[in-house]
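Protein chains in written order, with our numbering: chain U, 1 to 386; chain Y, 387 to 772; chain Z, 773 to 1158; chain X, 1159 to 1544.
One thing to keep in mind: the hints can contain errors.
The calculated label-pair distances, taken between Cβ atoms and stated as ranges, are [said to hold, decoys possible]:
#	chain 1	residue 1	chain 2	residue 2	range
1	Y	K530	U	D99	57 to 65 Å
2	X	Q1309	Z	D805	33 to 41 Å
3	Z	R779	U	D99	45 to 53 Å
Residues from chain U that keep clear of chain Y, each with C-beta distances beyond 12 Å, as calculated [stated by the list, open to error]:
#	residue
4	D99
5	K101
6	V166
Here are the simulated lysine-lysine pairs, DSBU-like style, with alpha carbons at most 30 Å apart [as the list claims (entries may be wrong)]:
#	chain 1	residue 1	chain 2	residue 2
7	U	K356	Y	K395
8	Z	K1062	X	K1269
9	Z	K1021	X	K1167
10	Y	K553	Y	K635
11	Z	K887	Y	K717
12	X	K1514	U	K167
If you are wondering where the hints come from, they were derived from the structure by calculation, not from laboratory data.
On a predicted model such as this, the values are computed, not experimentally measured, just so you know.
Just so it is clear, CB atoms sit at the ideal spot from N, CA and C, and this is done for glycine as well.
4 protein chains.
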Amino acid sequence: MAFFIGRDKEVRRAYGFDEVAIVPGSLTVDPEDTDISVELCGHKLQVPILASAMDGVVDPKIAIELGKLGALGVLNLDGIYTRYKNPYEQIEKIVSAPDDKVTEIIQQIYKEPVKEELIYERIKEIKKENVLCAVSTIPQNAPKYIQIAKQAKADIFVIQATVVTVKHYSSSYGCVDLEKICKESGLPVIIGNCVTYQVALQLMEIGASAVLVGVGPGAACTTRQVLGIGVPQITSTVDCARARDFYFKKTGKYVPVITDGGIITSGDMCKSFVAGADLVMFGSGFAKAKEAPGKGYHWGMAMPHFYLPRGARIYVGTTGSLKEILLGPSKTDDGTQNFVGALRTCMGNVGARRIKELQLAQLIIAPEIKTEGKRYQKEQRVGMGK
Amino acid sequence: MAFFIGRDKEVRRAYGFDEVAIVPGSLTVDPEDTDISVELCGHKLQVPILASAMDGVVDPKIAIELGKLGALGVLNLDGIYTRYKNPYEQIEKIVSAPDDKVTEIIQQIYKEPVKEELIYERIKEIKKENVLCAVSTIPQNAPKYIQIAKQAKADIFVIQATVVTVKHYSSSYGCVDLEKICKESGLPVIIGNCVTYQVALQLMEIGASAVLVGVGPGAACTTRQVLGIGVPQITSTVDCARARDFYFKKTGKYVPVITDGGIITSGDMCKSFVAGADLVMFGSGFAKAKEAPGKGYHWGMAMPHFYLPRGARIYVGTTGSLKEILLGPSKTDDGTQNFVGALRTCMGNVGARRIKELQLAQLIIAPEIKTEGKRYQKEQRVGMGK
Amino acid sequence: MAFFIGRDKEVRRAYGFDEVAIVPGSLTVDPEDTDISVELCGHKLQVPILASAMDGVVDPKIAIELGKLGALGVLNLDGIYTRYKNPYEQIEKIVSAPDDKVTEIIQQIYKEPVKEELIYERIKEIKKENVLCAVSTIPQNAPKYIQIAKQAKADIFVIQATVVTVKHYSSSYGCVDLEKICKESGLPVIIGNCVTYQVALQLMEIGASAVLVGVGPGAACTTRQVLGIGVPQITSTVDCARARDFYFKKTGKYVPVITDGGIITSGDMCKSFVAGADLVMFGSGFAKAKEAPGKGYHWGMAMPHFYLPRGARIYVGTTGSLKEILLGPSKTDDGTQNFVGALRTCMGNVGARRIKELQLAQLIIAPEIKTEGKRYQKEQRVGMGK
Amino acid sequence: MAFFIGRDKEVRRAYGFDEVAIVPGSLTVDPEDTDISVELCGHKLQVPILASAMDGVVDPKIAIELGKLGALGVLNLDGIYTRYKNPYEQIEKIVSAPDDKVTEIIQQIYKEPVKEELIYERIKEIKKENVLCAVSTIPQNAPKYIQIAKQAKADIFVIQATVVTVKHYSSSYGCVDLEKICKESGLPVIIGNCVTYQVALQLMEIGASAVLVGVGPGAACTTRQVLGIGVPQITSTVDCARARDFYFKKTGKYVPVITDGGIITSGDMCKSFVAGADLVMFGSGFAKAKEAPGKGYHWGMAMPHFYLPRGARIYVGTTGSLKEILLGPSKTDDGTQNFVGALRTCMGNVGARRIKELQLAQLIIAPEIKTEGKRYQKEQRVGMGK
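Required output: the full structure, derived from the provided sequences and hints.
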């Protein structure tokens, strides 16, 4: 269906998590019989979930712990852990900053330069526990850091910016040759973020081992408010998954699509897979773990930007252990614990035994009705008056 | 109309209660001349309303009282009444639990095993008052409990899970043969919940006496948040009613459709019938009765789930007697009392003399405008400042 | 455009005030050059605005004052003024009732029977000031009261119920013959409320002098919550105006359409005319007048209903004089004062010199963006922190 | 796609800022390589941003400062600066007025007549600092004031009313001949506001040097509530940009389109350009500058209207310097500082090197999800409880 937003100007409608829902299938499956493992960069992940490279979410300890639980935490190479020998002092400053000072304090803390020896050390710290190690940086730093990562025996290298494209123009600096990095570095490279069929396909063509999908949909991300840019996650995931399927048909190479950003509940995660994702990535959900370095806070990677900070420090509280959040059992009923249990139960209800079957389940457009919430709150409000 | 949520991905739009409204007819009828009785499982119900098998809503006393008023309360065989000789002690614990402990406390209470002699006793307790007795359990327990229910002379057996299908796969346990239960147990069986034409039709084909329609639309149900699964009630009711009509045309057998979940006001109930329902089922509305065991609270059947609890304890307050809520007169103006009066008045306004005529009334899409509410609240706020 | 709310179930989309906006024209006109007068029941009204027959809004004094200002206040013959010699004592009880008792208190007050001599007296009270007098009752009382109204020399008789149709069925009472009343009573009769083309046309065909349009859209009306019934005002006005135009083409008789219900701001009023209304009727806006009997409160005509009360007592406050509200100057900027000035300015901006030209202006669908409001509130909140 | 709001009544759907988002491109560009300059009335503006002619936003000092930063502040010739020798006394009264008196106080202050010698003086004050000077008045005052403006050597003359058309009818006064002013005054004239293709084209045809686009979309503007009139900014910008392109094709003359009203964040500004604007104008964003005369408050030009005031005094607070707001660096993350940095970054992300390329970027319909906000607030609320 075409929409006209003005005279002769036709545009598409995009959809986000809260606008769709999954339809139960005609067959159900015992959740115990579901297989949620996926292949990523030549490794088999037992749990198709990545933790975002945010300083309040993933430190080396979290990366290790997640690896042991079957998932994957990505360490930010441009963050506090590679700028400071003792990162926790700095995190304490961020966590205890008053609301009206926090942007400035974060900007200040991130002015300290990254130390290359700390990159090496942090990776070693993770690898010595015998788990997969994934590290992340921005395109400009990728050529240099990937060499260090390789020496330190990292397994997966992530190149990530708000918006990544294969072609980039600058008159003042030489542009990063992503294709060269992918083909010559000797490490599998995940690249993102992108949201369109075209860019996802181009990233696959230059050799990305997986692509990250998502620009401007997240709660801790103000890209849309600051730049006007953003594509809701269901539509961008569908589009990029179509690029993956086309590229697979053409080349026989299957490049996983990772939905990254905006996932808050296990319901959002389930919808991502039905939209076509092979894996998902989120930060806020893990920031609630009692092991998380941010002590209940998280903040975006674009927040320290000096001229144009985006994102906010968000307090999400500490609600349970990393294991409870990932594998359960859940002590809450709001979709923020036991992501794996929710995924298996969802698969059971739609009759999918593997992630690739879940991708074939049916979605409907079904906006969350706000008045429903209103009623609900009203009832609770009555309760508080008791 | 088709909607594309991404490249070549076409999905349907589904609608909920708050998005539609009933259009008055060209003929009106005296509400006193309306006949709201329906047939269910070979019995004539004077009032086409069922109370949900929730422990805070239906205990044996409520089931008896509802039967005397012409409606039907369903007793949960997997709940507190069959686990505990003295269930009210346990309910007191739930009702008085602090908000942050309630999920754990409920999980604890429901660990106590069900006693088969209590199933027998509870049914007898209801039957000796000479009213219809309907009892409910999950599919796994159905083969065993239906025998006890039959011995105790229950009238109607309900098999209910979040999502029910005829076909189910498990490698670790033998699957429940719903068809066998329907055809050999000797008791009429109502099965649910389902939301699609296909599953509703399959349930009718294996011998269900009625089907329950509704997955993920209710206020006390967080299925959508946890699993991403849910279909708004108007669309699921329309679809399942179509299955009923097709099955009736094909076989001459009329299998009633019961809209279950999400009904809060009498307006929601009226819309369910216009969408095609033969009966409705709700819990929250009856939890407000001063006779309700939950003392103004209710909680969902999926809430005690150990690994993945869903639903919440909700305080709705105590607003009137069971009779006022069902038959009026109403002392409130918000659609939460006198459900029967509202149904008759609605039928009068659209010119329907029987429920089957009400099913032919006209709906329109007419979203509730939030700003209207805002204005309204604003005006009231001014009033409070007085 | 057709919408499917379920399998093979196609329904229309209806629109309300907050979903549309008026587009400025290619010609503008000096507001001083606009003519807003309309003809109603053989009389010329200088101002095309009626005040609703609500006891908190129109007493004989308000009816007189509105008449002098060029508008028309309708007196409720089933209300307090014809039940009590001293109505203001009763109003005081309603106004001072606590929130949780008000429905019961109103039900109690309206149990007092109507006195026929008071009907006669109230009309005389208005007529002796030499203004138009319009009175209103429900269909059942119409045959009797219209005779009294005629004797007392009322000018216009209004027959009004939540939903009115020409055909009505009752086994227990003889149905009111609206056609007979229209044709034999000798008084012009306005009938309502209706919302569809069919019913509006039928009312015109049996001799209504004007029709009232609106079921379930108003802020003080909970018809939609209680009965599920309601049609947003823009769509119902468009449809009934189409019936008027068809009937005029066929018979040469022009039967004005009056949009009644849901109008809160002068913007809503302007949109009603652009949707096709000849006149508008509202209550809440006049309840804010310092001369209003309700002292800043109003309540709906369906509120005293014994078995199924609908509507609520709403406090809107007292914000200005009746003249300021109707003719300005305005001391507020929110569209609640100077309705006539707003109408003329709107007509100027779309280039309409008469109401019938305003009916030809262009509407667009343009939902009010809630976030806009949020931002606005946020900014004000900052202000409060000052 | 056509929408029917009633029987045979087809209308268009219009879109606003919060309903669309910008899609990243397949090429990215270094923000340092973007050129944001535009031509306006024969002058080159380094920054395509105008500050609205609002008394709380632009005084001569702000106009000078903005000029030095490469942008353009428009001085209101019908406001306080030309009515009072000492305008700051009056502003102090407005700023310190209590909420319920402010409309009346503003009405009172604006009763003082405009002094022609103050018009001359204010323009001279700006021009002696060697920056561009733009001044604004309503159509009725244009013929007289444009002569004074020309003598005082103003560079750009703005004729602005809520709704402007080429054709206007009045029986009591001679209508302003906009064409004559444009063609004979010797000063470039910007005219507005308009929202339709037709009117924009007509204004270009009579010689406007640029057109202002926007009726009823702004936060400080209650046009829609009072008059029912308003067109969301994305649709009106697209339509008027189409008129510009048609006129350019026909005549070779390029008449810039300026989106005026409703822009709150830098994201809104970016979307305006993608919808087709050449420049943008806003007031609220600059009212937050510590140099702003309104001390954190602003109010609309229609607010002093005697019979029908529209707009409100809004407190936005003081958040940074004019330079920080316009050029950064930003200390906030909400899109209210560093508008130029945001524009360049947006252009970089969509691969546009000039404003005219940005106009070709892709938009999608992507409503801001309110529940997303709700979640976000909820999380923050938890934080506050800490």
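> Hint by hint, which ones does the structure fall short of?
Replying inline: No hint contradicted; all consistent.
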